[in-house]
Structures are given as structure tokens and as C-alpha cells.
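Peer 1: Sequence:
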Amino acid sequence: MPFIKRLGNMAFSRVISNVTGQRITDAQTGFRAFTRKVAAKVPITSFHTYTQEQIIRAAQMHFRIGEVPVYFARRGGDGQSRLMRGPFEYAFKAWINLLRIYRDYAPIKFFGLFGGVFLVAGLALGVWITYLFITTGAVGGLPRVILATMLLSSGLQILLFGFLADMNRRL
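Per the working numbering, residue 1 is the first one in the sequence shown, and the count goes up by one each step.
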């Protein structure tokens with residue numbers, strides 16, 4: 001397998017393993033075998049690729065996932081995919097799909113990450129403004145105060161959206 005594809009496969013597999021809580025070593029393979037029950041019960045909503053979504057949904061529904069090692073043989077011909085124009089197009093669409101799946105299946109982690117970044121930035125700026133006020137008697141400009149307030153309130157709202165999405169997911 002070419003280096004860039006192997007690197008992408010390792011990255012995608014790590015994300016899938018993180019979301020499912022199981023060790024998945026090759027989440028990109030299109031070769032799957034499953035029972036009729038799994039095929040009927042695991043809905044697919046992705047318009048791009050079903051491979052990652054199918055693994056995550058099966059794990060979330062507590063179906064057993066196993067891996068069987070196989071040999072990867074080089075393709076004959078030009079080696080070009082009939083489905084994608086190139087590895088970067090596939091990677092872009094697959095990452096968008098993974099973000100959607102992460103948002104749907106791990107909303108607290110997804111929104112918590114973004115909300116946490118906003119909260120930390122707002123807190124850091126707020127601490128800096130407070131330090132300036134204590135040492136100099138001035139806050140250093142109204143725009144900084146507004147920015148700190150906006151970052152804190154946005155971070156809190158994003159976290160609350162994560163909690164609401166998690167509650168909605170469990171219904």
C-alpha cells in the first residue's frame with residue numbers, strides 16, 4: 001500500500017477506534033462480512049462512504065466486531081480508483097463524514113472540544129484583563145473585554161449544545 005494511503009488509513013482507524021472504544025486496525029477496507037441481522041439493523045445515512053459509519057453504528061449497537069488479517073496485493077493497471085479522483089478527495093470527504101459521525105455518536109466529546117477551546121481562550125484573556133486591571137488600574141481596552149465575554153459565552157453555549165445533543169441521542 002502506498003505510504004500516503006497507509007498514513008491516512010492509520011489516522012482514520014485511530015479515530016474510529018477512539019469513537020467505538022474498540023481497537024480497529026483497518027477501518028477503510030470495503031470488505032466486510034456480517035450476519036443478516038446486522039445488515040438489517042445497522043442503518044447507513046452517509047452519502048459518501050459507509051465503511052466508517054457501519055463500524056461505528058455496529059459497535060454502538062453492541063454487535064461483535066472482529067478482524068481477519070488479509071494480504072494486500074497491488075492492483076493491476078494504473079491503480080486508480082473508480083470511485084474517487086484521488087486520495088485527497090477521498091480523505092476530505094471521509095474526514096467530513098467522520099466529523100458528522102463523531103458529532104452524532106459522541107456529541108459531548110465533539111462539542112466539548114470546541115466549547116473547551118473557546119472557554120480556555122476566554123478564561124485566558126479574562127485572566128490577562130484582570131491582571132492588567134489589578135496592576136495598572138485599567139482593563140486595556142473595551143474590545144478585549146467584549147472578546148473575552150464573547151469567547152466565554154460562546155464556549156458555554158457550545159458545551160450546552162453538546163449536552164442537548166447527547167440527551168437527544170439517547171432518546
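Since the hints were derived computationally from the structure, they do not count as laboratory data. Be careful, since some hints might not be right.
Claimed, not checked - Taking CB as the label site, the calculated pair distances span:
(1) Phe161 - Arg64: 48 to 56 Å
(2) Glu67 - Ala40: 20 to 28 Å
(3) Pro2 - Arg169: 36 to 44 Å
(4) Arg100 - Pro143: 44 to 52 Å
(5) Pro143 - Ala11: 21 to 29 Å
(6) Ala124 - Pro69: 46 to 54 Å
(7) Pro2 - Glu67: 50 to 58 Å
What the hints assert, rightly or not - DSS-like, lysine-lysine: derived pairs with alpha carbons at most 30 Å apart:
(8) Lys93 - Lys41
(9) Lys109 - Lys5
(10) Lys41 - Lys109
(11) Lys93 - Lys37
(12) Lys93 - Lys109
(13) Lys93 - Lys5
This structure is a prediction, so every number in the text was calculated from the model and none was measured. Note that beta-carbon positions come from the ideal geometry of N, C-alpha and C, so glycine has one too.
Peer 1: Decide, hint by hint, whether the structure agrees.
Peer 2: Structure-based check of each hint:
1. Phe161 - Arg64: 48 to 56 Å: violated, 33 Å
2. Glu67 - Ala40: 20 to 28 Å: holds, 22 Å
3. Pro2 - Arg169: 36 to 44 Å: Distance hint for Pro2, Arg169 holds at roughly 37 Å.
4. Arg100 - Pro143: 44 to 52 Å: violated, 35 Å
5. Pro143 - Ala11: 21 to 29 Å: Violated, at about 39 Å.
6. Ala124 - Pro69: 46 to 54 Å: holds, 47 Å
7. Pro2 - Glu67: 50 to 58 Å: With a Cβ separation near 22 Å, Pro2 and Glu67 fall outside 50 to 58 Å, so the hint is violated.
8. Lys93 - Lys41: holds, 25 Å
9. Lys109 - Lys5: Distance ~27 Å between Lys109 and Lys5 Cα, so the pair holds.
10. Lys41 - Lys109: holds, 25 Å
11. Lys93 - Lys37: holds, 29 Å
12. Lys93 - Lys109: holds, 21 Å
13. Lys93 - Lys5: Holds, because 14 Å separates the two Cα atoms, which is no more than 30 Å.
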